[in-house]
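Student: Okay, here's what each chain looks like letter by letter:
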Amino acid sequence: MIIPEFEYVAPGNLQEALDCLASHGVEAVLLAGGTDLLVRMKQRLVKPRLVVSLKNLEGLRDIKEENGEIVIGAMTPLVEVLESERVGKHLPALRQAMGKIGAPSIQHFRGTIGGNLCLNTRCLFYNQSQFWRSGRTPCHKDNGQTCYAEENSDRCRSANLSDGACALMALSCEVVLASCRGERVLLVEEFFTGKGESPFAIEPDELVLEIRVPMPGEGAGSSFQKISYRSAIDFALVSAAVSVRVMDGQFEEVRISVGGAGAAPLLLKEAAATLYGKPFNDDEAIEATSDLAKKHASAFMVENLGSCLEYRQKMIRILVRRALKEAIVVATG
Amino acid sequence: MSFAVNGEEVELYISPNRTLLEVLREELELTGTKESCGEGVCGSCTVLCDGVPLRSCLTLALEMEGREITTVEGLGEQGRPDPIQQSFIDHGAVQCGFCTPGMLMSVKGLLKRNPTPNEEEIRRGISGNICRCTGYAKIVEAVTAVTTGSGRNATGS
Numbered sequence: 001m002i003i004p005e006f007e008y009v010a011p012g013n014l015q016e017a018l019d020c021l022a023s024h025g026v027e028a029v030l031l032a033g034g035t036d037l038l039v040r041m042k043q044r045l046v047k048p049r050l051v052v053s054l055k056n057l058e059g060l061r062d063i064k065e066e067n068g069e070i071v072i073g074a075m076t077p078l079v080e081v082l083e084s085e086r087v088g089k090h091l092p093a094l095r096q097a098m099g100k101i102g103a104p105s106i107q108h109f110r111g112t113i114g115g116n117l118c119l120n121t122r123c124l125f126y127n128q129s130q131f132w133r134s135g136r137t138p139c140h141k142d143n144g145q146t147c148y149a150e151e152n153s154d155r156c157r158s159a160n161l162s163d164g165a166c167a168l169m170a171l172s173c174e175v176v177l178a179s180c181r182g183e184r185v186l187l188v189e190e191f192f193t194g195k196g197e198s199p200f201a202i203e204p205d206e207l208v209l210e211i212r213v214p215m216p217g218e219g220a221g222s223s224f225q226k227i228s229y230r231s232a233i234d235f236a237l238v239s240a241a242v243s244v245r246v247m248d249g250q251f252e253e254v255r256i257s258v259g260g261a262g263a264a265p266l267l268l269k270e271a272a273a274t275l276y277g278k279p280f281n282d283d284e285a286i287e288a289t290s291d292l293a294k295k296h297a298s299a300f301m302v303e304n305l306g307s308c309l310e311y312r313q314k315m316i317r318i319l320v321r322r323a324l325k326e327a328i329v330v331a332t333g
Numbered sequence: 001m002s003f004a005v006n007g008e009e010v011e012l013y014i015s016p017n018r019t020l021l022e023v024l025r026e027e028l029e030l031t032g033t034k035e036s037c038g039e040g041v042c043g044s045c046t047v048l049c050d051g052v053p054l055r056s057c058l059t060l061a062l063e064m065e066g067r068e069i070t071t072v073e074g075l076g077e078q079g080r081p082d083p084i085q086q087s088f089i090d091h092g093a094v095q096c097g098f099c100t101p102g103m104l105m106s107v108k109g110l111l112k113r114n115p116t117p118n119e120e121e122i123r124r125g126i127s128g129n130i131c132r133c134t135g136y137a138k139i140v141e142a143v144t145a146v147t148t149g150s151g152r153n154a155t156g157s
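Line by line, the protein sequences give chains A and B.
Note that this note's numbering has the first sequence beginning at 1, numbered continuously upward.
Note that this note's numbering has the second sequence beginning at 1, numbered continuously upward.
None of these hints come from the bench; they were simulated from the model.
Glycine included, C-beta positions come from ideal geometry on N, C-alpha and C.
Among the hints, a few may not be true.
Result set (EDC-like, lysine to aspartate or glutamate): computed pairs, CA atoms no more than 20 Å apart in a straight line [unchecked claim]:
#1 A:LYS269 to A:ASP234
#2 A:LYS55 to B:ASP50
#3 A:LYS89 to A:GLU65
#4 A:LYS47 to B:ASP50
#5 A:LYS55 to B:GLU65
Now the in silico label distances, taken between C-beta atoms and shown as ranges [claimed, not checked]:
#6 B:THR134 to A:ASN143: 52 to 60 Å
#7 A:GLY306 to B:SER36: 37 to 45 Å
#8 A:GLY306 to B:ASP90: 37 to 45 Å
Rough simulated footprint, nothing fancy, chain B against chain A, three-plus residues with beta-carbon under 8 Å [stated by the list, open to error]:
#9 3-10
#10 30-43
#11 101-107
#12 191-200
#13 249-263
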């Protein structure tokens with residue numbers, strides 16, 4: 001498949017990149033690892049006039065500890081996050097998620113954490129070749145008026161399938177955006193709009209600079225679980241991430257996020273809240289929470305990934321329970 | 001742009017929309033690297049960039065400015081194959097052969113990082129490469145033979 005023509009620039013530093021976005025933002029796309037972007041360009045899902053390569057921004061390729069947070073530069077390759085001792089020790093859910101993205105040849109060196117966080121939402125009826133799509137009227141995501149995933153839907157029902165985003169949602173990170181106008185920090189909940197057509201709250205002149213994850217304190221644990229057709233390469237059919245804090249044998253903080261369901265990783269606050277104050281070995285409570293998570297996440301799901309919807313919904317309960325149990329083991333040692 | 005392919009400096013004038021795979025096959029006539037899916041799913045187009053595997057179909061050639069690329073042609077020489085190649089031959093790890101260049105490069109990249117992988121690590125190392133003949137068992141055997149030195153021509157890599 002040949003990629004349509006475009007202009008290419010590779011800014012030498014961050015300021016040049018931001019200047020470039022300020023003047024060409026709307027018609028430009030950012031190229032980090034390119035493992036998703038190039039496919040989308042081949043399928044004519046994005047037709048940029050300008051491709052801005054971030055390959056020279058070495059400063060964004062870094063994992064450090066700062067003010068009680070683990071700060072990961074957006075251009076850090078997935079494999080560096082995966083193999084980072086700091087991430088492995090403090091953020092097991094993120095390490096697990098990185099290991100489940102793509103295949104080694106995608107993780108090594110090409111795929112980046114910033115790119116994974118900004119993975120566009122996907123749908124069986126959208127992520128197809130130009131020829132495949134040409135037989136039908138365009139869908140909402142393609143600037144049309146139709147939805148093939150759900151009859152009569154007035155909006156796009158594509159799903160966020162980023163493993164990294166699901167884990168980072170549970171880990172309660174902050175996303176730092178930069179533009180010529182300055183920097184701003186968004187909570188991960190604010191970073192996603194929940195809209196399939198435009199899933200991210202990024203302005204055209206902004207780029208993701210870094211991701212800040214608060215250092216989990218005493219008694220914290222996290223876990224990420226994913227179901228896909230094959231363990232390598234395939235996107236999630238559904239995934240779940242959990243972070244917990246257990247103090248004096250009781251749940252003190254619980255965050256549950258479910259990926260592959262809505263246009264953003266779903267943060268299930270109500271389901272998580274049912275665990276607060278319960279003893280960590282209360283299996284009945286964990287079952288009830290997993291059930292509730294399934295119920296709440298199912299409301300967002302439609303038949304859009306080519307796998308039976310009922311199966312995906314059922315698996316939410318399983319994945320949330322697995323993630324909870326594993327996170328508790330991490331938290332309680 | 002200029003970059004190194006199999007140890008030789010190459011200078012090219014190309015348009016930005018060319019992928020590394022197209023440049024390797026069409027400009028440099030290194031047709032050992034194969035295109036199959038063109039979407040990063042199959043791994044046929046795997047080459048090494050500075051020693052780590054990447055998918056040449058999902059890499060713009062311009063991104064490789066100043067890098068060192070190794071393709072399957074750079075693995076061994078005529079009559080003197082790389083130990084991995086020899087082991088693939090000895091173990092019959094080649095059926096139709098289309099996935100083989102990608103497999104070899106993924107294995108090469110794996111052994112560079114981890115010279116003594118166990119079976120699970122080998123399977124994970126080639127998990128991004130699809131063999132449509134499903135000849136995975138022989139491939140894993142061949143790689144195991146290289147790492148344990150039990151192959152006929154095992155000189156280590």
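Student: Are the hints correct? Go through all of them and say.
Tutor: Against the structure, the hints come out as follows:
Simply put, LYS269 (chain A) and ASP234 (chain A) have alpha-carbon atoms about 28 Å apart, too far for the 20 Å limit, and the pair is violated. With a C-alpha separation of about 15 Å, the suggested pairing of LYS55 (chain A) with ASP50 (chain B) holds against the 20 Å cut-off. Under the criterion of a C-alpha separation no larger than 20 Å, the hint pairing LYS89 (chain A) with GLU65 (chain A) is consistent with the structure, at around 13 Å. Between LYS47 (chain A) and ASP50 (chain B) the CA atoms are separated by roughly 30 Å; this puts the pair beyond 20 Å, and the hint is violated.
With a CA separation close to 10 Å, the supplied pair LYS55 (chain A) and GLU65 (chain B) stays within the 20 Å bound. The supplied range of 52 to 60 Å is broken by THR134 (chain B) and ASN143 (chain A), whose beta-carbon atoms lie about 41 Å from each other. Checked against the hint of 37 to 45 Å, the C-beta distance between GLY306 (chain A) and SER36 (chain B) comes to roughly 21 Å, which is inconsistent with it. About 41 Å separates the C-beta atoms of GLY306 (chain A) and ASP90 (chain B), a value consistent with the hinted range of 37 to 45 Å.
Here the segment 3-10 of chain A counts 7 residues with a CB under 8 Å from a CB of chain B, which clears the bar of 3, and the coverage holds. As drawn, the segment 30-43 of chain A meets chain B at 6 residues by the rule of a beta-carbon pair under 8 Å; at three or more, the given contact holds. Chain B is given as covering the segment 101-107 of chain A, and this holds because 5 residues of the stretch bring a CB closer than 8 Å to a CB of that chain, at least three being needed. For the segment 191-200 of chain A, the proposed coverage by chain B is not satisfied: 0 residues have a C-beta within less than 8 Å of a C-beta in that chain, short of the threshold of three.
Only when three residues or more bring their CB closer than 8 Å to a CB of chain B does the claim for the segment 249-263 of chain A stand; here the count is 0, and the claim is violated.
Going through the hint list in order, the structure does not satisfy hints 1, 4, 6, 7, 12, 13.
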